[in-house]
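Peer 1: Listed below, chain by chain, are the residues.
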Amino acid sequence: MQFPLSFWDISLWLAVTAIILLVTSELISPYYGKTNLLINRKRLRQTALTIGILFMITVAIRIYGIITSI
Amino acid sequence: MRTKPSGIIGYILLFFGIISLILSIPYASSILAFIGLGLTFWGALLLYIKPERYVKVDLLDSMALSTLETINNLLTKLNYKGKAIYLPPKHLKDLKSAKAFIPSKNETTIPSTEELTEETIFSTNPEGIFLTPPGLALTNLYEEKLGTSFTKQDMQYLLKNLPKLFIEDLEIAETLEIKTSNNVVHIKITGSVFQNLCKKTGKLSKINTSLGSPLPSSLAITLTRTTGKPIIIKKTDLSKDNKTIEVYYQMIEE
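Going down the list, the sequences are from chains G and H. Numbering follows the numbering used here, in which position 21 of the first sequence is assigned residue number 21; successive positions increment by one, without gaps. Numbering follows the numbering used here, in which position 1 of the second sequence is assigned residue number 1; successive positions increment by one, without gaps.
This is chain G alone, in the form it adopts within the complex (with noise of 0.2 Å):
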């Protein structure tokens, strides 16, 4: 009995959430007058951002092993 999900799978997955993520926090931005959206804006923002870094990670563990493997 294992995870189903292999690397490159939660790799997708975090892309995805991220995108959806930061797409969100910037449409809600109260610099385009959202003002009566009653969440927390800044934890959003907050973890947009870190699954968007989350992200990128796994894509620079993916770069350094092609790069190791030539």
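Derived by calculation from the structure, the hints in this document are not laboratory data. Ideal Cβ positions, reconstructed from N, Cα and C, are used throughout, including at glycine.
The list that follows gives simulated cross-link-like pairs (lysine-lysine, DSS-like), each with its CA atoms no further than 30 Å apart:
(1) Lys50/H with Lys42/G
(2) Lys42/G with Lys243/H
(3) Lys188/H with Lys42/G
(4) Lys160/H with Lys42/G
(5) Lys200/H with Lys240/H
A short list of chain G residues far from chain H (calculated; beta carbon distances all over 10 Å):
(6) Ala15
(7) Met56
(8) Thr58
(9) Val59
(10) Ala60
(11) Arg62
(12) Ile67
(13) Ser69
Dock chain H against chain G, hints included.
Peer 2: Frame of chain G; chain H shown alone:
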């Protein structure tokens, strides 16, 4: 206290997400794992980003209005005609406090040092009254959020940081513009949460023309702390749709 809907939804998503993740292992199903991962993440996210405690704007307005009416009645009964002069911190004992002096006559004379050092309410030379401005707590909140004291900053700092504070950090306005020319500072605020309060205080003549409602008053204290000069609220304009508040501040040379 009532549980927020986003909290309930968050817990439900989290519950089904964890079940799905656990089941994905014995069934070796990547679809179940993806579903579980998604549900767990969004459940946790909903719980993490759920709103802090908010109060309705009407409630906020109602609380502030009666105090302002009292000040307006007091000034009307005393028949004080002068505009409120926001005194700079050098005249105050505590940097976190603020004082506005309202002269009895239509003049801009600042009281003598003896009058200022004594903790009196009424001044005799020149005749007038010292009041704590309605925007003092707001200004202290601005300083707390920015993590600085305006007395240590300059106008450039305000031009750079005040719009961000109003729009992004405190979310009390949609836009904020500051323009300075000579000794006049023009601040334009749109979509403010205080727009209804400003409309209501517009009927209170002494508040509107002299001391200012909490938002213009807080900005007057901010300016007097930053520039170190006495400030007068020269003019407050509210647009017909109540969305835009324009305030003109005049700096006085001592």
